[in-house]
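The chain contents come next:
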Amino acid sequence: MDFNTKYTPQSWPEHPEQATMEGKNKFLGFWLFLGGETVLFASLFATYLALKNKGPSGMEFSTETLFELPLVFVMTMLLLTSSLTSVYAMYHMKNHNFKGMQTWLAITVLLGLGFLGLEIYEFYHYVHIGFTYNQSAFSSAFFTLVGTHGLHVVIGLVWIILLLIRNAKRGFSLYNAPKYYTASLYWHFIDVVWVFIFTVVYLMGVVG
Amino acid sequence: MSHDAHVYVKSQTEYEYARKKRRESMRGQVTTFGIMIFLTLISFSTVIAGFSMYFILPVILLLASVQVVLQLYYFMHMSEKNHNVPAFFLYVGAFFGFVFIITFLTIVWWG
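Protein chains in written order, with my numbering: chain S, 1 to 208; chain E, 1 to 111.
Incorrect hints may appear among the rest.
Stated by the list, open to error - Dumping the calculated BS3-like pairs for lysine-lysine here, alpha-carbon to alpha-carbon at most 25 Å:
1. S:Lys-26 x E:Lys-81
2. S:Lys-24 x E:Lys-21
3. E:Lys-20 x E:Lys-10
4. E:Lys-10 x S:Lys-52
5. E:Lys-10 x E:Lys-81
6. E:Lys-10 x E:Lys-21
7. S:Lys-52 x E:Lys-20
8. S:Lys-6 x S:Lys-99
9. S:Lys-6 x E:Lys-20
These are computed hints drawn from the structure, not numbers from a lab.
As the structure is a computational prediction, the values presented were derived from the model and not from experiment.
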């Protein structure tokens with residue numbers, strides 16, 4: 001079984017994530033999952049757009065008064081940079097540089113944690129001023145959409161951390177290469193969703 | 001078996017060529033990242049500058065779409081070969097998503 005085969009940079013395949021049947025299946029199955037995730041987030045976006053600023057009469061909360069662009073900007077930069085660092089990790093995987101890949105993924109995790117911390121702060125702040133989950137249709141739709149994205153960030157972070165720890169002493173194999181590759185695809189997808197969140201929720205929210 | 005793979009050992013020349021190719025494509029990725037940062041900056045500054053809503057909305061939605069395409073085709077390697085089925089999955093998802101949004105925006109508050 002290939003699990004025990006030791007590769008050198010010269011014998012390492014061009015596409016280690018798709019060199020085995022298992023890897024090919026993971027690759028294809030994961031893209032099918034991402035197609036489904038697109039539908040999930042689109043339905044949450046649709047709900048949010050339909051319920052935006054809708055609530056009890058005299059509601060004091062609206063997107064214009066609630067959102068702080070500087071915070072969103074920092075969060076965007078953190079997540080966008082973490083997307084690049086995971087590209088670097090996959091670059092090192094193709095070069096058969098295990099240490100390089102682990103290091104760049106660790107940086108990705110740190111940036112993701114930074115993003116998560118700011119999001120928790122933001123939600124805490126909203127709840128503190130009375131904009132709670134069940135305050136209005138608007139607040140429910142907002143927290144469900146942005147919270148589902150935040151949950152994906154948490155899952156992505158746990159996934160990458162587990163991969164880093166589990167494989168720390170194993171080094172590369174064609175068994176774990178597809179696992180790293182799908183985790184990095186997942187992380188990029190989180191950034192794809194965030195691009196729409198910062199545009200549709202925050203920027204369009206501030207405009208009105 | 002599902003974990004078997006064909007092992008091919010590259011010659012030194014082939015190996016160096018492959019490394020060089022990967023380095024070049026990585027440089028392209030960094031350029032893509034630069035463009036994405038730039039698009040984000042334009043989006044935020046368009047909103048902060050306070051232009052008319054009818055100008056801002058199409059512009060920031062277009063910039064977001066461009067950024068997502070860059071992310072999918074370069075960071076997620078959809079531009080490389082062997083990605084027709086992934087693209088199909090994603091576009092089917094995006095199609096349904098688009099229909100959802102159109103539907104919710106039009107019929108939810110009718111009647």
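Evaluated hints:
Taken as a hint, the S:Lys-26 and E:Lys-81 pair is honoured in the structure, with Cα atoms around 17 Å apart against an allowance of 25 Å. With a C-alpha separation of about 23 Å, the suggested pairing of S:Lys-24 with E:Lys-21 holds against the 25 Å cut-off. Proposed proximity of E:Lys-20 and E:Lys-10 is supported: the alpha carbons are some 14 Å apart, at most 25 Å. Between E:Lys-10 and S:Lys-52 the alpha-carbon distance is near 57 Å, which puts this suggested pair outside the 25 Å criterion.
The hinted pair formed by E:Lys-10 and E:Lys-81 meets the criterion: a straight-line CA distance of about 21 Å does not exceed 25 Å. For the hint pairing E:Lys-10 with E:Lys-21, the CA-to-CA distance comes to about 14 Å; that is within 25 Å, so the pair holds. A C-alpha spacing of about 50 Å is found between S:Lys-52 and E:Lys-20, which places the hinted pair above 25 Å, so the restraint is violated. The hinted pair formed by S:Lys-6 and S:Lys-99 meets the criterion: a straight-line CA distance of about 16 Å does not exceed 25 Å.
A distance of roughly 23 Å separates the Cα atoms of S:Lys-6 and E:Lys-20; the hinted pair therefore holds under the 25 Å criterion.
This entry does not satisfy hints 4, 7, going by the numbered hints stated previously.
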